[in-house]
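Enquirer: Each chain, letter by letter, is given below.
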Amino acid sequence: MLAHLPVLPIIVPLLAAPLCVLLRQRRLALALALTVCWATFAMTLMLLGRVLAEGTQTYVLGGWVAPWGIEYRIDTLSAFVLLIVSGIGATVLTYAPLSIEREIRRDQHYLFYTAYLLCLTGLLGIVITGDLFNLFVFLEISSLSSYALISLGAQQTRKALTAAFQYLVMGTIGATFILIGIGLMYQMTGTLNMADMAARLNTSDGPRTVLVAFAFLTVGISLKMALFPLHSWLPGAYTFAPSVVTAFLAATSTKVSIYVLLRFIFTIFKPSFAFEVLPLDVELMVLSLVGIFVASTVAIFQTNIKRMLAYSSIAQVGYMVLGISFASVTGLTAGIVHLMNHALIKGGLFLAMGCFALRLGSTELADMRGVGRRMPITMFAWVLGGLGLIGVPLTAGFVSKWYLITAALEQGWWQVAALLLISSLLAAIYVWRVVEVAYFQSPAEEHAAVQEAPTLMLIPTYALIGASIVFGLWTSVSAGVAHEAAQRLLEMTP
Amino acid sequence: MTDDRLILMALALPLVAALLTGLTGKRPNLREFCTLVCALALFLVVASLAPRVFAGNRPAVDLFEVLPGLAIAFEIEPLGMLFALVSSGLWVVTTCYSIGYMRAHQETHQTRFFSCFAIAIFAVIGAAFAKNLFALFLFYEVLTFSTYPLVTHHGDEKARLGGRSYLGILLFTSVTFLLLAIAWTWTIAGTLDFQPGGILTGKTSRGVLAVLLALYVFGTGKAALMPFHRWLPAAMVAPTPVSALLHAVAVVKVGVFTVMKICVYTFGTTLLKETGISTWLMYVAAATILSASLVALTKDNLKARLAYSTISQLSYIVLGALLANRWGVIGGSMHIAMHAFGKITLFFCAGAIYVATHKTQISDMRGIGRQMPVTLSAFLLGSLSVIGLPPFGGSWSKWFLGLGAAEAQQPLLVAVLMISSLLNIAYLMPIVVRGFFFTPQDSAERPGIQEAPLFCLVPLCITAAGGIALFLCADRVYHWLTPIAPLLPH
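Line by line, the protein sequences are chains A and B.
Residue numbers for the first sequence follow our numbering, so the first one is 73 and each next one is one higher.
Residue numbers for the second sequence follow our numbering, so the first one is 323 and each next one is one higher.
Incorrect hints may have been included.
Claimed, not checked - Simulated restraints on C-beta separations: (1) A:177 <-> B:479: 38 to 48 Å; (2) A:526 <-> B:355: 31 to 41 Å; (3) B:478 <-> A:177: 42 to 52 Å; (4) A:485 <-> B:425: 50 to 60 Å; (5) A:514 <-> B:685: 26 to 36 Å; (6) B:351 <-> A:523: 29 to 39 Å; (7) A:549 <-> B:380: 31 to 41 Å; (8) B:619 <-> A:485: 41 to 51 Å; (9) A:526 <-> B:344: 45 to 55 Å.
To be verified - Now the stretches of chain A that chain B is said to cover, found in silico as 3 or more residues with beta-carbon under 8 Å: (10) 226-232; (11) 505-516.
These are calculated hints, taken from the structure and not from any lab test.
A virtual CB, placed ideally from N, CA and C, is assigned to each residue, including glycine.
With these hints in hand, go ahead and build the complete structure from the sequences.
Expert: So this is what it looks like as structure tokens:
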């Protein structure tokens with residue numbers, strides 16, 4: 073059994089998803105999905121432990137040896153991202169039942185659990201696989217299921233359907249670009265195995281096909297991870313999806329895309345090609361900085377908090393990409409650790425928004441008036457999450473920020489460091505807008521009798537927010553593993 | 323008990339107080355008893371550490387590393403010890419005062435008030451004992467956020483706007499300037515520990531040092547150097563006990579304490595003197611001293627006038643740090659303590675007047691001395707200490723600062739210090755004169771003596787007396803502080 077550990081996090085949820093359809097009964101489906109999610113989390117935890125102890129784990133699917141068969145390959149970075157995705161997946165699903173009770177029709181609940189498990193499978197699969205075509209398949213599994221998940225918001229507002237459709241169009245373009253890129257790479261190297269391809273790929277004279285493939289891949293992945301200016305699908309999708317779905321996707325899906333970017337740049341193409349032959353580092357830096365400022369500024373003017381947080385997510389993706397663009401150990405550590413920290417913070421914030429949506433029936437800023445007195449526990453979690461977004465010391469956000477500015481200063485780019493710090497003030501503005509409305513205004517009459525959110529929803533919310541505080545103080549796991557992963561990624565380069 | 327235990331206790335006690343306050347919120351008497359006991363215990367713990375520190379020991383404890391090389395660690399040196407002594411001592415007094423004030427005023431949310439107050443003190447003690455800049459910065463920010471609910475205590479529109487400037491300016495300066503400077507120092511020096519003689523000597527060019535110093539001095543927004551001073555008057559929307567302890571002692575003094583620590587232990591006085599990078603900042607401090615005093619003259623609201631007076635007095639300490647010679651450093655450090663006692667007395671009096679008569683404007687305080695003779699006498703004593711006349715503590719620190727300016731051969735700065743003292747007289751004395759010698763406006767009937775509650779009155783007498791006591795034991799303070807400012811060869 074243990075020999076098959078690397079494949080279990082994929083197989084188990086993949087098989088459980090159709091079982092949910094067969095079960096139909098929503099309580100049974102919930103019980104199954106919950107068990108599977110937490111089991112998957114336990115497996116990824118074991119995997120990380122094994123990777124840290126023994127080094128990279130490989131698994132050959134069906135006994136077909138690489139490069140002919142599909143190989144699963146888990147190094148420090150993949151194990152780290154796997155743990156984040158499955159941890160968030162399990163926590164959010166624990167929170168889900170009460171929230172979807174209000175937001176999704178009861179007879180669709182089993183479909184929600186099915187799509188959720190499929191999405192989880194897809195995301196985990198992208199991270200675990202060492203095969204490029206397999207990666208594309210998992211990418212499609214996760215994308216298609218997330219379109220379905222987002223459109224479940226139609227019960228609340230019909231806009232969810234257009235949002236899901238827009239995401240479908242953009243996501244498909246992205247996926248197609250990635251597929252074209254993979255196809256061209258296959259043409260050039262005759263292999264689909266990542267490690268094998270990396271060994272065979274000759275980028276020294278930069279053949280045009282490789283350049284084109286690289287361009288398609290970069291643009292396609294940037295679309296999926298909502299890097300400015302390819303972010304247009306994200307605000308709508310996050311705003312109109314059911315609260316649970318928003319929390320899950322915001323915390324995992326863009327992060328996995330960033331993982332894919334890291335894989336392509338550092339494992340397959342090598343930084344020497346991406347950053348020295350091609351000016352990708354400069355492009356990523358400029359785009360991420362512009363994205364951070366534009367998205368944060370737009371966030372300040374939003375009247376819907378979910379949409380505001382969505383724009384904040386675009387800005388935060390900018391921070392991660394900025395870290396990558398430094399192409400140094402510190403910079404990569406910053407990007408990778410922020411991947412985790414932001415997943416915790418934003419996941420927690422969206423879960424808190426779900427509590428508000430449950431009690432207030434709205435996520436508009438105007439409806440949040442006085443909510444600090446009506447739902448003090450939820451609002452306090454929101455404030456803690458907001459402080460994390462700003463990057464206040466003792467929160468996880470500060471750890472990411474610290475790594476980012478030291479990475480910038482190491483290169484002597486104090487201007488970038490200054491811009492980074494100023495941008496965190498924009499976060500302070502959009503966070504504090506909500507705080508002021510929640511604490512200093514009196515509640516509207518129709519919300520006078522609003523009560524605190526149910527405990528079953530508060531516990532997962534606090535689990536994520538609490539983790540974001542814990543990882544602000546105790547960083548040997550988060551930053552330590554991220555540091556090791558960054559070193560591994562850069563070691564591969566000659 | 324061992325030293326590291328004592329340090330941990332000193333940090334834990336305010337947190338325990340915050341927790342107990344929260345738990346006993348439904349029973350006000352028990353709640354305030356808990357706060358008072360914790361405050362007293364904290365003072366005793368800090369005081370028991372003091373003799374060892376002043377004897378030359380450096381009690382230290384490392385908690386844990388947040389990031390590789392960046393630890394939350396504590397090490398007590400004389401400057402931090404003095405600051406912790408003053409803050410913890412005044413916390414006891416202020417707690418008594420708060421009880422009287424908050425009750426007489428029937429303020430709401432008293433539990434939140436006492437809890438946040440305790441957390442703020444925790445941050446102050448943490449900052450005072452911090453072994454490195456990183457830990458100092460953490461506690462600096464904890465202080466900013468824990469005092470926000472105190473500043474906006476009333477929860478109305480005015481509080482919201484005041485809180486906005488308060489948090490906005492403090493966060494802007496600390497994030498954009500201070501954090502940048504700290505990260506920069508880390509990449510240059512590879513350490514952030516406070517070390518005698520500094521950590522930057524010979525590590526980088528003079529130009530970078532000059533930029534760093536400016537980032538530090540302006541980035542420490544709590545030191546209220548102009549043009550980043552506006553948060554302090556804005557914070558005066560807070561209840562008076564908050565203004566008293568936090569905005570005359572804890573918050574602002576953490577600011578100047580940070581500047582002092584950075585000048586002495588990060589740059590080192592020798593480096594500052596040799597490179598001369600601090601000269602232009604001295605003139606900024608001097609300009610702040612004068613202009614804040616001038617603005618204070620125009621303020622009719624008593625708390626606003628005191629706020630601007632504080633801004634002016636803080637720049638004395640910044641100036642002392644930047645002078646970077648023995649007298650400047652000692653004078654500035656002493657002024658942290660001397661000004662604390664003087665200014666807290668003045669704020670206590672302002673609060674007492676408000677509680678007893680609901681007057682906030684100076685022009686309405688005609689003849690108030692006949693109604694509240696004790697309060698106004700204490701106000702007189704506090705004023706004299708702030709002005710710096712013997713026999714009050716303030717006279718010593720100002721004397722040393724003057725000496726420091728003279729030794730640095732800056733006659734202009736000496737003149738600024740003299741003129742500023744005159745301005746202090748001009749904005750503080752009229753209040754006393756008006757209170758004692760003018761006849762009340764509605765003098766149809768002479769009001770009897772009507773003082774604030776005893777819980778308010780006793781603390782302000784204690785702090786006023788403290789001002790005199792400090793004059794007498796200044797010698798001891800001087801000897802405590804000499805290790806941090808060794809005599810420099812000319």
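Enquirer: Determine for every hint whether it applies to the structure shown.
Expert: Consistency of the hints with the structure:
no. : hint                        : verdict
1   : A:177 <-> B:479: 38 to 48 Å : holds, 43 Å
2   : A:526 <-> B:355: 31 to 41 Å : holds, 36 Å
3   : B:478 <-> A:177: 42 to 52 Å : holds, 44 Å
4   : A:485 <-> B:425: 50 to 60 Å : holds, 56 Å
5   : A:514 <-> B:685: 26 to 36 Å : holds, 34 Å
6   : B:351 <-> A:523: 29 to 39 Å : holds, 31 Å
7   : A:549 <-> B:380: 31 to 41 Å : holds, 32 Å
8   : B:619 <-> A:485: 41 to 51 Å : holds, 46 Å
9   : A:526 <-> B:344: 45 to 55 Å : violated, 23 Å
10  : 226-232                     : violated (count 0)
11  : 505-516                     : holds (count 3)
Checked against the numbered hints listed earlier, the structure breaks hints 9 and 10; every other hint is satisfied.
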